[in-house]
Amino acid sequence: MKLLNEYLEHALTFERMAAEESNPEVKAQFEQQAKAYRRLAAQRAEKYGLPAPSEPPEEER
Numbered sequence: 000m001k002l003l004n005e006y007l008e009h010a011l012t013f014e015r016m017a018a019e020e021s022n023p024e025v026k027a028q029f030e031q032q033a034k035a036y037r038r039l040a041a042q043r044a045e046k047y048g049l050p051a052p053s054e055p056p057e058e059e060r
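So in numbering that gives the first Met the number 0, spot 18 of the sequence shown is number 17, and the numbers just go up one at a time.
Hints were generated in silico from the structure; no laboratory data involved.
Incorrect hints may appear among the rest.
Said to hold, decoys possible - Across the chosen pairs, the derived CB separations fall in these ranges:
hint, residue 1, residue 2, range
1, Ala27, Glu5, 35 to 45 Å
2, Gln28, Pro56, 19 to 29 Å
3, Leu49, Pro23, 29 to 39 Å
4, Gln31, Asn4, 20 to 30 Å
5, Tyr47, Pro23, 35 to 45 Å
6, Glu19, Glu54, 33 to 43 Å
7, Ala35, Lys1, 26 to 36 Å
8, Arg15, Arg38, 11 to 21 Å
9, Gln42, Thr12, 27 to 37 Å
10, Ala27, Glu54, 29 to 39 Å
As the list claims (entries may be wrong) - Simulated crosslink set (EDC-like; lysine to aspartate or glutamate; CA at most 20 Å straight-line):
hint, residue 1, residue 2
11, Lys1, Glu45
12, Lys34, Glu8
13, Lys26, Glu45
Yeah, the Cβ is synthetic: ideal placement off N, Cα and C, and Gly gets one too.
Work out the full structure, taking the sequences as your base and the hints as a guide.
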């Protein structure tokens, strides 16, 4: 489960960074990185038969 938690922590970090970023190109890169980590977390959860992680709040998408 360690990797699942780490993936989610990374996703949250990138989501926070995106929310604070004013440069649209950098913001988009942070958002893409967050999505990638959320996908990894979802895959890991599925592999172990766990529920999928929740989506980020609407304002962070």
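Of the hints given before, which are not true for this structure? The structure conflicts with hints 1, 6, 7, 9, 10, 13, although it agrees with all the remaining ones.
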